[in-house]
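Chemist: Sequence:
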Amino acid sequence: MKPMGRRSFLATATALGIGAGVSSHAIASAASDNKKTPDQAPDQNADRTAEIYQRDRDLPFIGAEETFSTPALLKLNSINEDHIAFLEEIGLADLGQRRIDDMNAGGLNVQILSAHTPSVQNIPGRRGIDLAYRLNRQLVDGPIAKYPGRFKAFATLPLQSPQAAADELERSVREDGFLGALTNGHITKKYLDHPQFEPVLARAVALDVPIYLHPGYPADEIFKILYSTTRAQYTKEFQPYIFSGSGYGWHQEVLTQCIRMITYGVFDRFPKLKIIIGHMGEGLPFYYERIVNDMGEPTENSLKKPFGQYFQDNFWVTTSAFPQTELLSLLLKHISVDRVMFATDYPFADIKAQTDWFRGVDLPREEKEKIAFRNAEKLFRTKVPVK
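If you count by mature numbering (1 follows the signal peptide of the UniProt record, and there is no 0), then the sequence shown holds residues -26 to -1, 1 to 361, one letter each, in order.
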């Protein structure tokens, strides 16, 4: 892709809601997305939102998808110097006071940290194994030690070496108190339904910890077919890059992996496997009925359960970067409130904008507590430190 100026990169990021915060959207969402009735004027909805917000001002939060990087990882995974400058400016590699201040400003009690996509998934052999270990230990010796109770973490795994990845998952959980692992899309053109990764899945089940499926960029062949352009003027401002990522492609990529894992029997082989997906279900709420109905018949004789039951038994969903009440309502139509967790996608989205949005959502207090922190406490067997 053609390099671009830093100003253009930041302008594009702002327009797409990447790293610039979503404050204005969140405010508008909180004011207008709650359910309306024909006899209810807009100002009444705003009054209701404000009333609920005041009621739930004290709501604690655990953020389940909160991203970090390091100088070495920035150089490894960034497109060019403009990209690195952007990621540094939004604070991706800051694991100190700036991050704590943003958490405090938004009332986010705990961040569960995970390495920026694609993390070390493109690094084979001993180098990938060693880098994954160093990244995990940097968290333990750094922010987790410096700010007790404020940070937890998902393990970075060297997935091109599945047995080593399983061992690092166990080490990080047992020795360092990590809560599970996070993956970033395909691993050398394979997803977690491939037999190669069964040691990792088996170890996650044995440890009783979840795996978070974060998006990753598509393989080169897929990128060329679906997202590239033959017209050079459209490569400006990283259009194909964002099209294949946060602008669209990421969400389809994760949902496709989820459907693969169900269709090809992963959860029949590992019935207690726990999977988390973010971004308000990565499109799942919209497609849910179509997927379940259309995939139900061809898998009826090959799966042990009805297709939709796997979404209920094996999946959790976070709200990361999607502070939209209408999407939350649709998600809760299909997925139990006991399986939904709060997340912000910091620093690519603004913490306060999202906690403020959720404080104003019109749900019973008990259900909001489940989403804000109680479901995470239960899944991760942890407790949020309440001031």
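Hint data in this document are derived by calculation from the structure and do not stem from the laboratory.
Misleading hints may appear alongside valid ones.
Said to hold, decoys possible - Computed cross-link-like contacts, BS3-like style, restricted to lysine-lysine with a CA-CA straight-line distance of at most 25 angstroms:
#1 K246 to K357
#2 K326 to K120
#3 K248 to K210
#4 K352 to K307
#5 K248 to K164
#6 K163 to K120
#7 K210 to K198
#8 K307 to K246
#9 K164 to K210
#10 K120 to K357
#11 K326 to K357
#12 K49 to K210
#13 K164 to K278
#14 K163 to K49
Chemist: Hey, K246 versus K357, does the alpha-carbon distance stay inside 25 angstroms?
Modeler: holds, 23 angstroms
Chemist: Checking one constraint from the list: CA of K164 to CA of K210, max 25 angstroms. Satisfied?
Modeler: violated, 30 angstroms
Chemist: CA of K326 to CA of K357, is that 25 angstroms or under?
Modeler: Satisfied, since the Cα-Cα distance of roughly 21 angstroms is no more than 25 angstroms.
Chemist: Is the Cα-Cα distance between K120 and K357 25 angstroms or less?
Modeler: With Cα atoms ~18 angstroms apart, K120 and K357 stay inside 25 angstroms; holds.
Chemist: What's the verdict on K164 and K278, does the C-alpha distance respect the 25 angstroms limit or exceed it?
Modeler: holds, 24 angstroms
Chemist: Is it true that the CA of K163 sits at most 25 angstroms from the CA of K49?
Modeler: Answer holds: K163 to K49 is near 23 angstroms, not above 25 angstroms.
Chemist: Need the status of pair K352, K307: alpha-carbon distance at most 25 angstroms?
Modeler: holds, 22 angstroms
Chemist: Assess, step by step, whether the Cα of K307 is no farther than 25 angstroms from the Cα of K246, and give holds or violated.
Modeler: holds, 24 angstroms
Chemist: Please verify whether K248 and K210 have alpha carbons no more than 25 angstroms apart.
Modeler: violated, 40 angstroms
Chemist: Straight-line Cα separation of K326 and K120 no greater than 25 angstroms?
Modeler: Answer holds: K326 to K120 is near 23 angstroms, not above 25 angstroms.
Chemist: Mind checking the alpha carbons of K210 and K198 for me, to see if they're no more than 25 angstroms apart?
Modeler: holds, 16 angstroms
Chemist: Just to be careful, I want the Cα atoms of K49 and K210 compared with a cutoff of 25 angstroms; is the pair within it?
Modeler: holds, 22 angstroms
Against the hints set out earlier in the document, violations occur for numbers 3, 6, 9.
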